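There are 4 protein chains.
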Amino acid sequence: MSANSFGQIFKMISFGESHGVALGVVIEGCPAGVVFDQDLLVRNMQRRRPGQSSVTTARNEADAPEVVSGVFDGKTLGTPICILVRNADQRSQDYESIQHSPRIGHADDTWKTKFQHVDHRGGGRSSGRETLARVLAGSVAQMLCQQLLPQLQVKSFSSQIAHLQLTENAEQIWKVNVDEYITRLPHEKLNNEAVQLLESAKVAGESYGGTVRTFVKNVPAGLGQPVFHKFKSDLASAMLSIGATTSFEFGAGHEAVRSKGTEFHQDLQSAVYGGIRGGLTTGEPLDFSVGFKPTSSIKDTAKKGRHDPCIVPRAVPVVEAMTWLVLADHVLWSRLDRIR
Amino acid sequence: MSANSFGQIFKMISFGESHGVALGVVIEGCPAGVVFDQDLLVRNMQRRRPGQSSVTTARNEADAPEVVSGVFDGKTLGTPICILVRNADQRSQDYESIQHSPRIGHADDTWKTKFQHVDHRGGGRSSGRETLARVLAGSVAQMLCQQLLPQLQVKSFSSQIAHLQLTENAEQIWKVNVDEYITRLPHEKLNNEAVQLLESAKVAGESYGGTVRTFVKNVPAGLGQPVFHKFKSDLASAMLSIGATTSFEFGAGHEAVRSKGTEFHQDLQSAVYGGIRGGLTTGEPLDFSVGFKPTSSIKDTAKKGRHDPCIVPRAVPVVEAMTWLVLADHVLWSRLDRIR
Amino acid sequence: MSANSFGQIFKMISFGESHGVALGVVIEGCPAGVVFDQDLLVRNMQRRRPGQSSVTTARNEADAPEVVSGVFDGKTLGTPICILVRNADQRSQDYESIQHSPRIGHADDTWKTKFQHVDHRGGGRSSGRETLARVLAGSVAQMLCQQLLPQLQVKSFSSQIAHLQLTENAEQIWKVNVDEYITRLPHEKLNNEAVQLLESAKVAGESYGGTVRTFVKNVPAGLGQPVFHKFKSDLASAMLSIGATTSFEFGAGHEAVRSKGTEFHQDLQSAVYGGIRGGLTTGEPLDFSVGFKPTSSIKDTAKKGRHDPCIVPRAVPVVEAMTWLVLADHVLWSRLDRIR
Amino acid sequence: MSANSFGQIFKMISFGESHGVALGVVIEGCPAGVVFDQDLLVRNMQRRRPGQSSVTTARNEADAPEVVSGVFDGKTLGTPICILVRNADQRSQDYESIQHSPRIGHADDTWKTKFQHVDHRGGGRSSGRETLARVLAGSVAQMLCQQLLPQLQVKSFSSQIAHLQLTENAEQIWKVNVDEYITRLPHEKLNNEAVQLLESAKVAGESYGGTVRTFVKNVPAGLGQPVFHKFKSDLASAMLSIGATTSFEFGAGHEAVRSKGTEFHQDLQSAVYGGIRGGLTTGEPLDFSVGFKPTSSIKDTAKKGRHDPCIVPRAVPVVEAMTWLVLADHVLWSRLDRIR
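Chains as they are written, first to last, in full-length UniProt numbering: chain A, 1 to 340; chain B, 1 to 340; chain C, 1 to 340; chain D, 1 to 340.
Bound-form chain A, shown alone (with noise of 0.2 Å):
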């Protein structure tokens, strides 16, 4: 079965425990002929890394990756592409008191009831290490969609950091570098009150939510698959396979529930919409937000261990990475929707 799985054609497999030898991916279905950025490769996984600034972990990754199959003289071959990372801290001692006591919030005693021999260390496959592999699969997936259709373009950001909401348009989001926040919430003020309010939770063992949003611009037409494959249930999916996910709207999003339908269907390229109708994009920019819980981690444990206060801002390129892998996906599905 195809429970590390993801994706139709182009398909991800991940695998790797968290205090394990390494994480990896293999991606199956990936054409050959796509030019292996591994720059970009690297800069995605460098943003995805713990210890980047005062408001996440301090846990060293040091996450050189290792392209080990299907990728020959700077192209891919056609053939499973494995990428391997491996595990260069492994203080599992710090973990040792887990396997006797659950941690609040975290999956310890529900993976136990499932599997009933697990890994203890750090959470094993259910720690957030495992969102490695979709930042490495991801990058792949941008290589393949930018190279075939090179005015592409996805930006997730916070959007929400506890109680600080942003307010910004898209117009304004996509002129912004979102890494020169720390907080990855392209706001001054905003970004700086969330800096404080983090800092001050890491030293109190406290923790937040927030969401991340995500727009995506120069989208063709007619992607997704009806009527179990549209591109808003597959995208659904892939955020909600995220750890510490509870929520998924696009377009209109839970606002659409109080709207009247004469407000709301104003025209066919409409915003509410957020660039799906049907279940297949329409051309017009993607808009879509994933909400975050606070992390589990907290009190002591969070003071002993090496654990964010907010998940939020190192689950940005987490988002983008599964946006590029539905859109890979997707863009090649459909060389298959007509004969011709």
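Calculated directly from the structure, the hints in this document are not laboratory data.
Given the structure is predicted, the values throughout are model-derived calculations rather than measurements.
There may be inaccurate statements among the hints.
One copy or two, it doesn't matter: identical chains are merged, so the pair holds either way.
To be verified - Here are the simulated BS3-like pairs of lysine-lysine, each with C-alpha atoms no more than 30 Å apart in a straight line:
no.	residue 1	residue 2
1	K299	K75
2	K189	K299
3	K112	K299
4	K260	K299
5	K112	K217
6	K189	K112
7	K260	K112
8	K260	K189
9	K75	K112
10	K155	K299
11	K155	K112
12	K217	K175
13	K155	K217
14	K217	K260
15	K189	K175
16	K299	K175
Fit chains B, C and D to the known structure of chain A by using the hints.
Here is chains B, C and D on its own, set in the frame of chain A:
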């Protein structure tokens, strides 16, 4: 490919155009020996049927299901189960005009972009009538689950219609018969207000959105498959594959975003988790909600056609069906978790 | 799971019990815009039909196909294509005795072991009637292939019945009309001998095996997917999924075993490769054979029932259908080989 | 897509180019709690390794397996198991010339046609070295099967090399240690003749084909899934996915073609069925054979390179591995056959 399939183990394939010969479903992966409850099948179909009340479309769907294969002597054979429903009422002349101008908010244009050759009559396969296949398959999933886990219960209901929002708690909801309320909003006063609102909307060519909430109790712990078929991920995929949906949340949902970790993570049984932690069911009750936008048949289209001013009441059995499908899939899948 | 499905891109799901309501197929992954050739569908079904001659079973299959979905205005819609054939002749009383004693050589007992609850009437789904679904789906695969590759041709024929073995070469075979020979063994003398042999067998309750050989010409080079969906691997899987088959070989086949490499490997176009090298088609004609054991209905069973003394003549269109299915799958799949 | 994957439940994904960084496998769907037998893994790899004797290629494969994920404290975790083997001996300069002229009988040209961009060094992924991944995965399948079904045994052996054909019966084969015979043809005289033949061939740049036969005993009845994952269909697919294979037969195999039904169908336990009836295992011993053509490295290529004059001896553990994979897949799959 499996664009029209849902599920990994208990798998349904949906087929049929709204104004074609018939709609139907093939279920692969249903084990042999499930007692087939034809009454349940018909009852569930009746609940989804249009024309049930003054607030739903008058389209006449006879909807007599024919079990074509996979069932013998009242029990499933372990072979594919095909169930067919003829399209009795094919007034396609009503839809002739659609061929030339896409209806606002509908999928007519995105489907045309994708497939070039489309069945323009009543949306073809992008019609809400497609959800019939989900109810058929969901009913078989329900038969399977209830035979294996007699205590397992699923209850969906309208929790919001336009601005009318329910605040009753789970205890109360389990006691009521949702179908006694025309809008399936199980609260006498709110239901009456909603009926009035929707009857007026029908006359005025107006439409409204709303929310369907679902509770599940006595669900086994450990359902869901890390990391890409987490229970929440498959639920989100299932729900967002339904037409007109715009958001999904579970447990504390979007509200989790604003919480402090120390308040959020009280204990492993907390309702904020919505019965899912680490992507796996905890054994606590499930609680999730799906948002629907206002139906896109408004103004002149709505007056002429036979459409619902609010899809939420009729979406309730569809959400239930998708929930049973996710449950059946993961109940069977969990047989593969451990060596014994 | 996909026990009853064949194909990865162009995918068929087969359903239906021999003496149930109907047999049928759902095809997922057929692109939009394929011109639907109803005549071809009926013609192919006629070729598979029992009761065509003195050497086939007298079972009366009316076999009128109903295209339930996926086709509109003479072309495919890109949505699932369901085709249904009612079971007209359900003389199940003939089979009542089977409930108690499994028929030698049949699958009655193995199915019973597996599923416990089985449809004992005429083998249920293990009946040869199941191949009807393959012919339905194969016909659509043929429509697709012939529209994309008008030169592509498939020709299957009986190359051996009992000891009667054909030695004609490919050139000659392409010229004859296989269906003009009752046993589909396209050689006047051998065909006559085979007819006599099988007519006697029918009276005597005897049965015989044989071989179906297939030539394909003008097949594009590069079809097949390394390493587990090599063209030869998928062909073997397709052919061995047909009931009563016991062997598969292509090119020099089993004779290759005895060859010296220096004689075998003469040039890249050699017929010994059967049009497949490295698992991929070379562009040279395909050539493969499938062996069938004697039908298991012998002695009293055969005299009473309505069975073929040799399944090979009627297997010819089934082998062709499976060949078209493998071709359609890989022709579409090859769209994903390269970035452009 | 799953071009490089095998299995539906117990699923392996193979990756790696012959002269790239490493070869490896990811196994998805192995349940938690399988005792991991590292010795068995290494032993099986040793059996496949080149350079074992005077009749195999001298290529030096160090082949030290690294278990990267999915195993902890000596048992599987239910998470993906990644096993990696570095490519120690990358004398790719030997292969530089291949870039310009495709080797007769190899897949160089068909891969080039398909993918345009290929790794020309030693066949890249079309090299026989790819079978290493099968042996890795097959070993884990064996661990799983033997823990669940301790009596289950698989024995493959060379049953023919060139014209040298074994006629020993199953009883005798089960008693011998196949690996005591250099050619794995377990008959002293024939083995000696085969050794002489192959040593001469090595000098002369000649090559030969042969047959690998496999017996399986104590296999449970009812394995296999109708109708497209019949046990015979999956076996055929598995075997024909191995390079250089040209035929597959089971039970009476191709000889069945010539039999009379009244002689063939003696009783339900007859050896002619090869342990499979109706596509499902009967519980009787399995018996099937795979034909291999002469290796394509002949004449000057063979003298210069490091290749086997006959692949059959080294194919034996690969056929065994594929057999274990099919068994593991269907043993797990059968958990889903019935409601209880």
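The hints, checked one at a time:
{"no.": "1", "hint": "K299 / K75", "verdict": "neither (48 Å within a copy, 33 Å between copies)"}
{"no.": "2", "hint": "K189 / K299", "verdict": "within (28 Å within a copy, 44 Å between copies)"}
{"no.": "3", "hint": "K112 / K299", "verdict": "within (23 Å within a copy, 55 Å between copies)"}
{"no.": "4", "hint": "K260 / K299", "verdict": "between (45 Å within a copy, 12 Å between copies)"}
{"no.": "5", "hint": "K112 / K217", "verdict": "between (42 Å within a copy, 21 Å between copies)"}
{"no.": "6", "hint": "K189 / K112", "verdict": "neither (44 Å within a copy, 46 Å between copies)"}
{"no.": "7", "hint": "K260 / K112", "verdict": "between (47 Å within a copy, 27 Å between copies)"}
{"no.": "8", "hint": "K260 / K189", "verdict": "between (35 Å within a copy, 21 Å between copies)"}
{"no.": "9", "hint": "K75 / K112", "verdict": "between (42 Å within a copy, 14 Å between copies)"}
{"no.": "10", "hint": "K155 / K299", "verdict": "neither (33 Å within a copy, 36 Å between copies)"}
{"no.": "11", "hint": "K155 / K112", "verdict": "between (37 Å within a copy, 28 Å between copies)"}
{"no.": "12", "hint": "K217 / K175", "verdict": "within (13 Å within a copy, 48 Å between copies)"}
{"no.": "13", "hint": "K155 / K217", "verdict": "within (9 Å within a copy, 39 Å between copies)"}
{"no.": "14", "hint": "K217 / K260", "verdict": "within (27 Å within a copy, 34 Å between copies)"}
{"no.": "15", "hint": "K189 / K175", "verdict": "within (17 Å within a copy, 49 Å between copies)"}
{"no.": "16", "hint": "K299 / K175", "verdict": "neither (38 Å within a copy, 39 Å between copies)"}
The structure is inconsistent with the numbered hints 1, 6, 10, 16, although it conforms to all the rest.
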